[in-house]
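Working from the sequences, and respecting the hints, build out all of it.
Number of protein chains: 2
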Amino acid sequence: MLEELLAARLDRGAPETLAHQLYGAIRAGILDASLRPGQRLPSSRQLALEVGLGRNTVIEAYARLTDEGYLVSRVGAGSFVAATLPEQLLQAAPAPRARRRSASPGLSRRAQAILDEVAIEEGGAFAPCVPDVTAFPFALWQRLIARAWRQLRAGDLRYAGPGGLPKLRAAIAAHVQLARQVRCTPEQVVIVNGAQHGLDLCARLLADGGERVWMEDPGYPGVRRVFYASELQVQPIRLDSEGMAPRAADWETPPRLIYITPSHQFPTGVVMSLRRRRALLEAAARHDCWIIEDDYDGEFRFSGRPLASLQGIDAGQRVIYVGTFSKSLFPGLRLAYLVLPEPVAERFARAAAQLGFEGRQVTQHALADFISEGHFAAHIRRMRLVYQQRRDLLQQVWEKELGTLAPLSGGDTGMHLIAALPAGLDEQVAVRARAAGLVAQPLASLYLGRARQGGIVLGYGAVHENDIARHARALARIVKAVLKSG
Amino acid sequence: MLEELLAARLDRGAPETLAHQLYGAIRAGILDASLRPGQRLPSSRQLALEVGLGRNTVIEAYARLTDEGYLVSRVGAGSFVAATLPEQLLQAAPAPRARRRSASPGLSRRAQAILDEVAIEEGGAFAPCVPDVTAFPFALWQRLIARAWRQLRAGDLRYAGPGGLPKLRAAIAAHVQLARQVRCTPEQVVIVNGAQHGLDLCARLLADGGERVWMEDPGYPGVRRVFYASELQVQPIRLDSEGMAPRAADWETPPRLIYITPSHQFPTGVVMSLRRRRALLEAAARHDCWIIEDDYDGEFRFSGRPLASLQGIDAGQRVIYVGTFSKSLFPGLRLAYLVLPEPVAERFARAAAQLGFEGRQVTQHALADFISEGHFAAHIRRMRLVYQQRRDLLQQVWEKELGTLAPLSGGDTGMHLIAALPAGLDEQVAVRARAAGLVAQPLASLYLGRARQGGIVLGYGAVHENDIARHARALARIVKAVLKSG
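Chain order of the listed sequences is A and B. In this text, residue positions in the first sequence follow this note's numbering: the first is 1, and each later residue adds one. In this text, residue positions in the second sequence follow this note's numbering: the first is 487, and each later residue adds one.
If you're looking for bench data, these hints aren't it; they were derived computationally from the structure. If you're wondering where the values come from, they're calculated on a predicted model, not measured in any experiment. This list has only true hints and no planted wrong ones.
Per label pair, the in silico range of CB-to-CB distance: (1) B:Ser559 <-> A:Glu252: 25 to 31 Å; (2) B:Gln939 <-> A:Arg286: 48 to 54 Å; (3) A:Thr253 <-> B:Ala909: 46 to 52 Å; (4) A:Gln181 <-> B:Arg938: 54 to 60 Å; (5) A:Arg143 <-> B:Gln663: 35 to 41 Å.
Think of the CB as a built atom: it goes at the ideal place given N, C-alpha and C, for glycine as much as any other residue.
Structure representation (structure tokens):
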């Protein structure tokens with residue numbers, strides 16, 4: 001097999017980079033015809049997993065081979081050994097910096113890494129990360145927007161000051177203190193255009209290219225994309241039942257950033273234990289790392305012991321708390337926030353404003369009113385009951401159909417849970433589910449390192465009460481059939 | 487002088503990086519006491535200019551010296567030689583990778599470069615880049631927003647598809663074809679959150695860290711910030727009366743991206759000649775570069791021969807056209823657009839959506855209606871007359887007061903022009919203007935390389951007709967006084 005051939009030719013002790021070695025190994029395979037013209041190569045993601053290399057390493061090797069004419073890349077289809085190799089390639093080593101010959105230049109390597117990252121599936125019942133937007137009180141919202149326009153001052157049409165509208169920063173500070181025990185002043189709150197934008201700012205304003213960021217594995221592909229765009233080195237860190245579990249060896253090369261979802265790990269649903277939180281804060285202080293706490297659905301907690309935010313127990317001023325209105329109100333709003341440690345908040349907000357300019361003050365006025373007049377808390381309370389009812393229905397039907405065959409976990413919070421499956425079967429379930437118009441995101445697809453745990457992610461947020469039993473039964477039957485045939 | 491001392495110690499032929507050499511030179515100066523404890527160092531910007539180094543080089547050297555305790559940095563005040571140097575620093579070379587000791591980790595080097603970049607002045611008459619938002623028909627706009635909310639479909643609350651709302655992409659494609667002779671289909675239009683966001687996407691999806699980007703010099707500091715954030719190497723290219731004028735030697739190390747403002751160069755107002763446009767397109771094709779055409783105020787052309795967009799005469803599919811509604815409608819709207827070459831448009835739009843997620847579809851509906859119902863064209867026509875009247879008034883008063891002492895140029899388009907001054911005097915004018923509540927952005931502040939041309943930028947967009955003569959007279963008198971004393 002190709003993977004074995006390549007693995008045999010890589011030497012981690014050699015002075016050449018692994019990307020260069022991989023490039024050489026594939027090139028040698030093409031020149032000695034063990035790789036045939038037209039042959040399809042594995043995706044960079046797949047090869048990285050198989051050979052145990054970083055994704056960027058494979059992308060770099062593929063890009064160079066493509067630049068030099070050994071590979072051709074077809075959009076949506078992958079990379080292939082070139083059908084006809086230019087004569088001179090077979091006679092001599094190619095010029096080291098051969099330029100691309102295409103009609104227009106290509107996208108960057110980081111763009112390619114963004115496009116290659118796995119997609120969260122959508123367009124069917126149980127798609128993950130989809131809140132129910134039909135329940136949003138949009139008539140009320142529209143009245144608040146109209147009122148903000150009526151009360152308009154000319155300054156509202158200009159760029160916003162650093163950090164966003166003071167009134168909204170204050171409303172958010174009050175909310176997160178009460179709801180999530182985040183300790184902050186309004187000056188520590190920075191309004192952003194969605195959580196991805198906030199993470200993007202963290203990646204660039206807190207880290208430089210080539211620096212290391214740790215992520216729980218499995219994790220959210222969208223966040224990995226943000227880190228690729230900033231050329232950070234994404235290092236997957238294993239999870240256990242208490243949350244992210246770095247080994248002593250991991251700390252020998254400490255990261256600049258640690259990205260975690262402690263309230264409801266995405267996708268496993270693990271809640272980080274208090275002991276682990278304390279240990280992580282202590283180690284981060286010792287190694288001088290920033291911790292990014294993404295609390296993407298922490299507002300929807302149904303059961304289990306509630307834990308305060310990690311930010312709330314940090315004495316070292318190194319936690320950045322990320323909250324969003326995408327799940328609690330609606331995704332298209334594009335408003336989220338960061339809570340920065342006091343010593344850097346002002347400079348961070350200023351750099352963010354200078355990098356991207358801010359505005360949308362009318363919408364920010366409306367949101368501030370929505371929060372401070374109590375509508376936000378009321379909507380959260382209402383939706384918490386809706387989601388809890390959907391989760392309970394899904395659990396009842398699932399357990400009735402499958403007993404203990406594909407046990408559920410991770411449902412104390414949020415709008416998804418996990419059904420465990422033997423490793424290797426989750427992809428089969430996903431394929432059959434898709435054919436039935438359902439979504440069963442395989443857990444294996446969300447790992448960056450080698451997948452350890454089999455299962456599927458069941459997003460129930462946007463599946464109506466009247467439909468959930470029917471869809472759950474259909475998916476449970478698919479699971480049963482795959483388990484039987486596997 | 488420090489600058490001379492340092493320049494003498496730098497050797498561009500040496501194998502060490504210039505940042506490392508600069509670090510060594512400053513460190514040696516501290517250790518041999520030619521730099522005294524507590525002494526303030528020049529800003530990274532100033533030192534880079536004086537010694538002829540890239541800004542990032544100086545930032546890197548300062549950051550390392552600060553990390554290692556030789557310098558201390560005070561927010562807003564700059565960098566100083568540490569008052570007391572730790573004993574061991576005087577005895578031995580510091581450990582090569584000493585960690586920072588601060589209570590929380592610092593911002594990244596790129597954040598520091600963003601913060602160190604010059605600010606465009608604001609808060610007074612003649613501040614550049616400020617459109618008049620008081621003339622915006624916001625009652626009409628509010629009706630369109632309210633209508634979009636009434637016609638809401640649930641999908642409008644979710645993330646938008648790649649590229650933005652199809653209806654808005656189509657309206658923009660029709661507009662730019664007519665108004666700017668941009669050739670495109672709606673599928674080539676990508677909606678972004680302001681021009682800075684669009685440029686940010688270009689920097690990351692079209693180039694990788696360390697690649698070179700050319701910019702006209704002088705140029706817009708906000709764009710430089712975007713490129714620093716993506717760790718591109720910003721290379722200033724000289725301007726002449728026909729626009730960006732790269733030398734043959736510049737083409738020996740061709741860039742990945744070329745950023746230009748051909749319709750109305752910022753800040754000089756030079757319009758790129760057709761001959762220069764053709765030459766640049768031809769050279770870019772030969773060297774396989776992307777060209778980013780920023781048409782930030784091209785809609786407001788009053789006089790001179792109108793030229794089509796560069797995109798419209800590009801046969802090589804390598805121009806990305808950037809348009810914005812910040813100047814033509816209002817900055818706080820945060821909507822702008824890119825027009826991508828057809829071969830990469832789909833993948834670019836997909837990568838952009840995956841990186842940042844998009845939404846705000848209700849606002850996009852309203853803007854599409856505003857354009858397609860003719861309100862946009864009407865507003866442009868109205869504002870063109872307003873701005874032209876303000877420009878004419880400013881010119882009349884200025885020439886009456888100053889004759890040919892500080893000649894105006896660059897006013898055929900847009901909402902600012904340039905008053906030429908002898909080099910070195912523009913900073914003095916700026917200081918006195920500020921004391922009088924006026925803004926006179928010095929041209930020297932906008933150069934990245936060594937400044938060549940003295941002058942001040944006069945933004946007249948937001949200065950009302952009734953005030954312009956009074957403010958222009960006040961500023962002209964300051965100029966006269968400085969010219970007399972200089």
